[in-house]
Amino acid sequence: MSDTLATPLNTMRTTALAAGAAAPLFSLNATPNQTLSLSDLRGRPIILAFYPADWSPVCGDQMGLYNAILPEFHRFDAQLLGISVDGAWCHAAFAEQRHLHFPLLADFEPKGAVAQRYGVYRPQDGTTERALFVIDGEGIIRWSYVSPVGINPGADGILAALEALQPQATQGARS
Amino acid sequence: MSRLATPVGAHDHSEGPADAPVTLVEYGDFECPYCGEAYPILKAVQRAMGDRLRFVFRHFPIVESHPHAGRAAEFAEAAGSAGRFWQAHDMLYEHQDALADASLRHYGAALGLDAEALQAAFDGRYDAHIRADFMGGVRSGVNGTPSLFINGVRYDGERDVASLVAAIHQAAGSRNI
Numbered sequence: 001m002s003d004t005l006a007t008p009l010n011t012m013r014t015t016a017l018a019a020g021a022a023a024p025l026f027s028l029n030a031t032p033n034q035t036l037s038l039s040d041l042r043g044r045p046i047i048l049a050f051y052p053a054d055w056s057p058v059c060g061d062q063m064g065l066y067n068a069i070l071p072e073f074h075r076f077d078a079q080l081l082g083i084s085v086d087g088a089w090c091h092a093a094f095a096e097q098r099h100l101h102f103p104l105l106a107d108f109e110p111k112g113a114v115a116q117r118y119g120v121y122r123p124q125d126g127t128t129e130r131a132l133f134v135i136d137g138e139g140i141i142r143w144s145y146v147s148p149v150g151i152n153p154g155a156d157g158i159l160a161a162l163e164a165l166q167p168q169a170t171q172g173a174r175s
Numbered sequence: 001m002s003r004l005a006t007p008v009g010a011h012d013h014s015e016g017p018a019d020a021p022v023t024l025v026e027y028g029d030f031e032c033p034y035c036g037e038a039y040p041i042l043k044a045v046q047r048a049m050g051d052r053l054r055f056v057f058r059h060f061p062i063v064e065s066h067p068h069a070g071r072a073a074e075f076a077e078a079a080g081s082a083g084r085f086w087q088a089h090d091m092l093y094e095h096q097d098a099l100a101d102a103s104l105r106h107y108g109a110a111l112g113l114d115a116e117a118l119q120a121a122f123d124g125r126y127d128a129h130i131r132a133d134f135m136g137g138v139r140s141g142v143n144g145t146p147s148l149f150i151n152g153v154r155y156d157g158e159r160d161v162a163s164l165v166a167a168i169h170q171a172a173g174s175r176n177i
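As they're listed, the protein sequences go chains A and B.
The first sequence begins at 1 in full-length UniProt numbering and counts up by one.
The second sequence begins at 1 in full-length UniProt numbering and counts up by one.
Honestly, I wouldn't trust all of these hints.
Stated by the list, open to error - If we take Cβ atoms under 7 Å as the criterion, some of the chain B residues that face chain A in the derived model are:
1. Arg139
2. Gly144
3. Val153
Rather than coming from a laboratory, the hints here were simulated on the basis of the structure.
Small disclaimer: the values here were computed from a predicted structure and weren't measured.
For glycine and all other residues, C-beta sits at the position ideal for the given N, C-alpha and C.
Isolated chain B (complex conformation):
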């Protein structure tokens, strides 16, 4: 059974309370169509769980397959340093068909990001962080994207809302024993 090798911490992008009974970690690639399919499902899971769930996103760009995935991750990090990671995350998954540099610059302007800060991201300012996410994922048994971990254990079940909510409830229950 594969387990999360890197504990969730202050370096992570997270939504929901830090003391939520369940933490769901996604290793994702902004250009991966399967991550795109999972995006609205995970939103629905978050709505269903409310404050009982903390959701964490970590980068796992597979750039040989997805030529825009690296830049998209850099864009998200630039937004993150301006406190807008999740707006960027949502914007990318809602526009997966347009992730070339010009589109990313356009999204940056829409989010009010500084153009120079975005350029610095494209020049590699956050690449160490992105690589650290990626390698932590490899060490955790990430085997493609999206890979999901519920309270540190890789989830290999069906990726529909009902299955995920059931698995999360189960994790919450077992934690309280």
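The shape of chain A in the complex, shown without the other chains:
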């Protein structure tokens, strides 16, 4: 496509979209025969968690950790979406083996296209950054964070961002 010719992947700087930017819309496979569109989830906070690959060899890995924290995310009515360049069948096997109870999206074809639009593709590796986005109910990114790719960022930043989305009335709005 012309835009990729104009900006060769291997020279493209990856700068993650920051707070205030509109979250690029996408529609990706969540299972081998079901797609999920970001716009379908409008009205509630979204946690978009890019991660390099399924089958990370550590236990208590990032997706497993978030799986354990799902009840806390649900307190904020937030929907967690994992996303990597792995295919839908790979995600299905990974989710089944790890008992994951949230969608894993396949940014598989064209590979990493959604990650590129969020500024978190790693062309040198062919995978994505380990990057987190909290998107509000209006589709605006309210917080983003790119972790060193080898370090699981945990969930404290996500929870703080979700808390900041809460109505401010009880905290004394600035006059």
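With chain A's structure known, arrange chain B on it following the hints.
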């Protein structure tokens, strides 16, 4: 830099003096193999530091990955209420390959725990405490198990005895400035 969100207090299980210059907090899961690997290392660190270190264990069971981790944490709490938390902690890490209910009941008998008290633990008596440990860990930036905090700051370095002792000495030194 991630910091401990819940200060160490009377609700914690700790070994070593409360006024030790350094407190090492572990968020652990009794079924996690990496915690099992860390167990003898942390024992060696405790021996090396003696009274200069207070060691605290908090629960971080990842039960979808480790089906016995929740029960094991409940077992440890039951032992804790009988004043035997650390015996239970050690017993669990020394028998990570056998953590099914029958094994836990056997360990309970070996520690002299009341069978009914253990059943109450399995029925959820301590689940609020375990969940509070877990959520405090999440808020502190725990990103897997084991996660270690030295004087309240998450330690992301190598988990060998020499590296840990060096980091603890450094924390002790900086506190005295």
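Structure-based check of all given hints:
Hint status for B/Arg139: holds, given a least beta-carbon distance of 6 Å to chain A, under 7 Å. With 7 Å as the threshold, the beta carbon of B/Gly144 comes within range of chain A, its nearest partner Cβ sitting at about 4 Å, so the hint holds. For B/Val153, the suggested interface contact is broken, since its CB lies about 13 Å from the closest CB of chain A, more than 7 Å.
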